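J.: Spelled out from the first residue to the last, the chains are:
Protein chains: 2
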Amino acid sequence: MTSALINRPALGNFPSSDWASILRTGILSVAPKGLNQVFTGMSGSDANETAYKAAFMWKRQQQRGGHHVDFTPEEISSSMINQSPGAPQLSILSFKTGFHGRLFGSLSTTRSKPIHKLDIPAFNWPQATFPLLKYPLEEHLQENRKAEEESLAEVEHLITTHPLPPCAVVIEPIQSEGGDNHASPAFFRALRALTRKHDILLIVDEVQTGVGATGKFWAHDHWNLTDPPDMVTFSKKAQTAGYYFGNNDLRPNKPYRQFNTWMGDPARAILFRAIIQEIQKHDLVNHTANVGEYLYSGLEEISKRYPGEIQNLRGKGQGTFIAWDSPRRDEFLKLAKGVGINIGGSGERAVRLRPMLIFQRHHADILLEGVEKIFKT
Amino acid sequence: MTSALINRPALGNFPSSDWASILRTGILSVAPKGLNQVFTGMSGSDANETAYKAAFMWKRQQQRGGHHVDFTPEEISSSMINQSPGAPQLSILSFKTGFHGRLFGSLSTTRSKPIHKLDIPAFNWPQATFPLLKYPLEEHLQENRKAEEESLAEVEHLITTHPLPPCAVVIEPIQSEGGDNHASPAFFRALRALTRKHDILLIVDEVQTGVGATGKFWAHDHWNLTDPPDMVTFSKKAQTAGYYFGNNDLRPNKPYRQFNTWMGDPARAILFRAIIQEIQKHDLVNHTANVGEYLYSGLEEISKRYPGEIQNLRGKGQGTFIAWDSPRRDEFLKLAKGVGINIGGSGERAVRLRPMLIFQRHHADILLEGVEKIFKT
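Sequence order for the protein chains is U and R. First residue of the first sequence? That's 0 in numbering that gives the first Met the number 0, and the numbers climb one at a time after it. First residue of the second sequence? That's 0 in numbering that gives the first Met the number 0, and the numbers climb one at a time after it.
What the hints contain is simulated information worked out from the structure, not anything from laboratory work. Incorrect hints may have been included.
What the hints assert, rightly or not - Lysine-lysine pairs mimicking BS3-like chemistry, simulated, CA-CA at most 25 Å apart:
1) U:K112 to R:K112
2) R:K58 to U:K112
3) U:K95 to R:K336
4) R:K253 to U:K336
5) U:K58 to R:K58
6) U:K253 to R:K253
7) U:K253 to R:K58
8) U:K253 to R:K112
As the structure is a prediction and not an experimental result, all values here were calculated from the model.
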């Protein structure tokens with residue numbers, strides 16, 4: 000996560016002080032002969048990919064007639080040569096401008112930017128249009144409802160006609176990497192109903208939105224669902240990764256079908272526990288909801304004075320998960336660093352805020368002051 | 000890693016004491032509404048998948064004419080719909096009975112057992128036969144050389160004729176999950192030459208074999224290569240994951256092409272550093288080479304007395320990375336637990352040893368005694 004670091008020298012994403020020396024005296028000190036560089040891995044893409052695997056297993060089990068029905072000899076032999084029916088002709092449906100990770104399965108559902116996808120083989124899985132809402136919301140009620148209805152119709156069309164039928168739909172509560180794109184709770188409730196109607200799963204990707212920043216612990220808490228998502232994936236702020244689920248049919252029916260060496264890293268599960276305890280102790284979710292409201296109002300004020308600079312301000316009622324479009328986004332981000340604010344972008348032209356949960360009103364004041372200073376000069 | 004735990008109650012792979020309570024009081028305490036179960040992720044499959052991504056980018060860059068040549072508009076637009084040329088029709092070649100992980104790209108190269116692959120969509124990538132050597136090696140020199148030559152010929156045939164041309168070959172120094180299958184250093188040197196000849200990459204997957212257990216820090220150190228592998232992947236014993244490389248052309252030529260949230264987890268890089276320091280301080284690699292020789296000799300002795308029980312004993316000179324085939328493997332593993340030895344299997348019928356690096360001669364004595372006890376009764 001990037002965070003708004005105020006009045007401090009701009010920092011990158013990594014522990015910059017001794018990371019190089021940790022690598023040099025550690026990993027690189029045992030580099031194989033002739034190799035002198037290293038790329039380290041391990042990330043939240045796993046959370047989504049294991050959720051997808053669970054979805055494929057669930058659908059095939061259902062098609063097979065239940066978890067007591069054994070694989071056929073043909074399934075077993077074809078799986079070993081990566082062919083159907085063992086490796087099934089099924090898919091995961093995702094949305095345009097969505098981001099779900101960078102490994103081969105997750106990247107096949109990522110649709111945010113070409114730079115993430117170029118040169119990497121991908122599955123021919125379907126994508127639907129994410130409803131692109133217009134702001135301010137209250138002035139575009141009909142248009143926005145229409146955009147959401149069209150998106151849902153496209154989802155249903157793809158579910159029923161795509162040559163690789165989806166066994167699940169994956170969606171972010173707020174498309175984060177892809178530009179901080181929001182949709183209404185009604186849209187998500189309708190999507191839940193649609194996936195239920197067609198007997199496929201709904202996977203909510205809360206890798207970016209989860210753990211408090213939207214003013215709820217999980218962003219999808221804002222939707223008031225009566226029927227919960229089938230799976231919710233998490234990573235980032237959780238400092239660990241995985242997916243929640245409730246349906247016993249999503250449990251692997253045999254050993255070793257879903258498995259990895261550390262099963263999520265016990266040490267990091269302890270970290271997440273400590274993070275949760277700290278959040279509860281300081282009531283940081285409600286705190287973030289309040290500070291977010293304060294921050295949003297301040298930005299709304301500024302946007303009235305500089306309507307050319309802050310366009311499509313969004314994230315009202317979503318804690319500090321706030322963004323706006325800027326006609327000179329990259330320049331703005333650079334100027335922001337000059338006034339002591341380390342801030343990031345999403346999509347093609349959004350400035351998006353991702354402060355830490357301990358971000359307070361007086362930090363918001365410094366941020367607002369800095370933003371206005373940029374517009375003034 | 001499973002390890003031979005002697006004279007202690009048999010333990011599983013996980014911290015059994017308070018893992019459930021860590022989950023309950025941590026991750027599960029914030030489960031989204033309606034969901035009450037969790038599957039945690041994060042594993043070494045990432046190491047292989049990021050290496051594969053680097054290989055695809057490298058090959059496409061080469062085909063494009065170098066890292067200064069920009070993507071075409073067609074590449075950019077086709078990548079966003081998961082189609083060629085942006086999502087290229089290229090592949091990674093792997094070997095039958097190989098294991099390289101469980102996510103969508105890595106699983107497409109895994110060929111060890113159907114249970115890992117069933118119900119999961121896969122890329123139609125090529126697989127070559129791994130030479131299946133006969134033991135004792137010195138009695139089957141010609142047959143084994145022939146098996147290796149045939150495997151290399153098949154690799155070359157697939158490189159030159161497969162509809163999805165491989166940009167890399169991935170191979171384990173010892174096929175671990177797939178049955179502890181070894182090949183000669185000459186085979187691996189020839190494979191290195193073959194990949195060089197056809198201008199594709201050699202990725203050595205040392206996730207299981209790396210970090211000392213074979214009596215070298217990396218198992219491929221046994222091959223005496225003059226031309227190192229292009230990439231070496233690691234995880235497990237390293238307590239972190241990633242790949243080593245040497246060629247600057249394997250570095251991403253633009254930001255965000257290879258990236259993940261924690262870039263390998265700095266905390267775990269510190270752990271790996273401490274592990275390396277401990278290994279060096281206690282000279283554990285040489286120690287393992289010596290104990291392995293002692294253990295191998297002991298098993299060889301027993302195999303002479305019980306030739307029906309210990310077949311195809313292998314791993315001579317490979318530290319404690321020793322295995323044999325058993326005509327009653329699963330029964331043997333169960334009986335072993337009864338005499339205080341927690342031991343695992345690989346492939347269909349191999350008993351494989353994976354003791355920790357601190358395994359000593361007196362542990363080997365207990366193991367040998369236990370094994371003989373099983374055969375006697």
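J.: Could you run down the list of hints and mark each one as holding or not?
T.: To see whether the hints hold, each was checked on the structure:
Between U:K112 and R:K112 the alpha-carbon distance is near 36 Å, which puts this suggested pair outside the 25 Å criterion. Distance hint between R:K58 and U:K112 is fulfilled; the C-alpha atoms sit about 21 Å from each other, no more than 25 Å. With a C-alpha separation of about 53 Å, the suggested pair U:K95 and R:K336 falls outside the 25 Å cut-off, and the hint is violated. Only pairs whose Cα atoms come within 25 Å are accepted, and R:K253 paired with U:K336 is accepted, the gap being roughly 22 Å.
For the suggested pair U:K58 and R:K58, the alpha carbons sit about 36 Å apart, so the restraint of at most 25 Å is broken. Taken as a hint, the U:K253 and R:K253 pair is broken in the structure, with Cα atoms around 42 Å apart against an allowance of 25 Å. Taking the CA atoms of U:K253 and R:K58, the gap is near 39 Å; set against the 25 Å cutoff, the hint is violated. Of the supplied pair hints, the one linking U:K253 and R:K112 holds, its CA atoms being roughly 13 Å apart against a limit of 25 Å.
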